[in-house]
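Chemist: Sequence:
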Amino acid sequence: MSVVIGGPAPYVYVCTRMRVRKSKLLPREEYLRMLNMSLPQITRLIEEMEYKKEIDELASSFDGIDLVEEALSWNLAKEFQAILAITPGILKQFTKSYLRRWDIQNVLTIIRGKKQGMSAGKIKEVVVPAGSLDVLFLDRMIAEESAERSVEMLKNLPLYSVIEREYSAAVESGSFGRLENELYRQFYADLIDEATSGLKGGNQFLKSIQLDIDIRNIKTIFRLRGQAISAEETSDVWIPGASFSVDELKRISQIETIDELVDTLRKKVKSPALVDALEGLREEKPIHEVENSLTRAQLDYMDRLSKRNPFSIYPILVYLEKKKYEVTNLRALARGKQANLPAERIENYLVI
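The sequence shown begins at 30 in the working numbering and counts up one residue at a time.
Careful: at least some of the hints might be erroneous.
[As the list claims (entries may be wrong)] Cut-off 25 Å, straight-line C-alpha distance, at most; resulting in silico cross-link-like pairs (DSS-like, lysine-lysine):
1) Lys299 to Lys336
2) Lys153 to Lys81
3) Lys153 to Lys53
4) Lys151 to Lys248
5) Lys299 to Lys314
6) Lys351 to Lys51
7) Lys125 to Lys107
8) Lys236 to Lys296
9) Lys153 to Lys125
10) Lys299 to Lys351
[As the list claims (entries may be wrong)] Label pairs and their computed distance ranges (CB to CB):
11) Glu77 to Asp222: 40 to 48 Å
12) Gly150 to Leu253: 29 to 37 Å
13) Glu58 to Pro301: 19 to 27 Å
14) Thr357 to Leu253: 21 to 29 Å
15) Ser175 to Asp292: 44 to 52 Å
Hint data in this document are derived by calculation from the structure and do not stem from the laboratory. Yeah, the Cβ is synthetic: ideal placement off N, Cα and C, and Gly gets one too.
Kindly generate the complete structure, drawing on both the sequences and the hints.
Modeler: Structure follows, in structure tokens:
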């Protein structure tokens, strides 16, 4: 029997595959067990997991922590490309657009690396070709003799207009913060345009994007706490399009007491998981603990949405995010063990 791509059967297939993949991700108990292992033991365990092929392929070029990090990055990139290959129709379009965030990360990594005088090899180690810019294109960017030549390669690509507008000022100031903020503002604006263009499933995609924007803005609010920065100085760090307007975010960022801040945020956000997470932030905590708590709330809510809407964009997006954090967690474990950090401290950096 033939199947029409874009009909219900391919959607059922890909969403079922995402649930199978998600079931293979490391559970919390496994991370807690790994906290008591040595770095060689963790490396051997990673070799026995879904990362074996990449470890074997890269073992002749890397060793130790470099081998682990490179294998994790390669596996993540290949997994995301494999998901794109099996995703049909509009779901594929949404997924491809969502993954363009990796283009921003990779381009900024290359530009910053070149400006800081990093070697091509070191830049290549931290690039993750999981977006629309493939490994060959990124390798060519890295091989260019200057950051400016790398930027020239981006002409005719969606992110070039922002880079062209902001790049000179970034180089002059020595900070790429504003350029990065503007790229993400444009990225989210493009996603919202796509989600509201009338495509089937757009409302579900929009809900995911707006949750992502809310989490990003709330993390920024907590990062700014205690810094003597006026509301106007924060104008370019906020992402519009979700629960808060830019003016609201500027005002909220100036709230001094933690209870008032939490109360104000809780009144506006819609996700029950996020409301609960905010309630747990009434005590002052290190920023990485705050961010991890908010990330866990985001993943929990996306999980709930995917169970309520099993054949939609949600199962794909929740797997993409959980897979990303598995790689982030394994990196944190490996780095922490290499630095001889105590298990309790490493655990604080894990999203589990």
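Chemist: Decide, hint by hint, whether the structure agrees.
Modeler: Okay, the hints, checked on the actual structure:
no.	hint	verdict
1	Lys299 to Lys336	18 Å, holds
2	Lys153 to Lys81	20 Å, holds
3	Lys153 to Lys53	28 Å, violated
4	Lys151 to Lys248	29 Å, violated
5	Lys299 to Lys314	23 Å, holds
6	Lys351 to Lys51	8 Å, holds
7	Lys125 to Lys107	14 Å, holds
8	Lys236 to Lys296	18 Å, holds
9	Lys153 to Lys125	22 Å, holds
10	Lys299 to Lys351	22 Å, holds
11	Glu77 to Asp222: 40 to 48 Å	44 Å, holds
12	Gly150 to Leu253: 29 to 37 Å	36 Å, holds
13	Glu58 to Pro301: 19 to 27 Å	25 Å, holds
14	Thr357 to Leu253: 21 to 29 Å	23 Å, holds
15	Ser175 to Asp292: 44 to 52 Å	50 Å, holds
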